[in-house]
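Based on these hints, arrange chain D on the given structure of chain G.
Sequence lines, in order, name chains G and D. If you count the first sequence from 1, you need to add 99 to reach the working numbering. If you count the second sequence from 1, you need to add 993 to reach the working numbering.
Bear in mind the hints are in silico, worked out from the structure with no lab data behind them. It cannot be assumed that every hint is accurate.
Derived DSS-like pairs: lysine-lysine, alpha-carbon spacing no greater than 25 Å straight-line [said to hold, decoys possible]:
1. Lys205/G / Lys157/G
2. Lys1050/D / Lys157/G
3. Lys1004/D / Lys194/G
4. Lys194/G / Lys1050/D
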Amino acid sequence: AQSVSQHNHHVILSEAASLELGCNYSYGGTVNLFWYVQYPGQHLQLLLKYFSGDPLVKGIKGFEAEFIKSKFSFNLRKPSVQWSDTAEYFCAVKKGAGSYQLTFGKGTKLSVIP
Amino acid sequence: DAGITQSPRHKVTETGTPVTLRCHQTENHRYMYWYRQDPGHGLRLIHYSYGVKDTDKGEVSDGYSVSRSKTEDFLLTLESATSSQTSVYFCAIKKGLDTEAFFGQGTRLTVV
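The shape of chain G in the complex, shown without the other chains (with noise of 0.2 Å):
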């Protein structure tokens, strides 16, 4: 089964330090993956995805994910954090074409410090 890992279950940053999440998959094939944010007590928001194309990906509120196929990842970065960046993120990935599942990652919880 295909699965998704997100190695940090809790981070804790300054603001103004530069954020990296991990995420892996297991799925060899050709996948659709996204970033989402949930800020507390909301609903999963979209903050970025990947179809094809250039796998530097950027998304919204100055996010970005770099798609790296050979080592399975799509981790997700930000050069400079915001008090309000405080959130939960999740790692999801679909395999490509025919598949109706989204498969999410257990989360990130983001605490930055002001």
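Okay, now just chain D, sitting in the frame of chain G:
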């Protein structure tokens, strides 16, 4: 927001009672999903639908059933609620297979 309404938003029910959660969309999207979110587990797929009356099981479908009699509504039923089904339930919709999912606001269900 993507025109998804979940109801109720909060519910407390007793063990053994049936419970139905509703997801309503105004986007006319084909694909609809029910997930549950639990600490340490992320989101896990319960059931999904790929069209009216077309549904299939996800990874944690035991104890749940779904129905989709029209495009806009996807119902999740807990036949006989158990404490292990205490969770936050999210509905999601997708326009196509290779598009992103949009999520509803969630339903917090407590089974006592």
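Status of each hint after checking the structure:
1. Lys205/G / Lys157/G: 23 Å, holds
2. Lys1050/D / Lys157/G: Roughly 33 Å separates the two Cα atoms, so the pair is violated.
3. Lys1004/D / Lys194/G: Given that 25 Å is the threshold and the Cα spacing comes to 34 Å, the pair is violated.
4. Lys194/G / Lys1050/D: Holds, at about 17 Å.
Of the numbered hints stated above, those contradicted by the structure are hints 2, 3, listed in ascending order.
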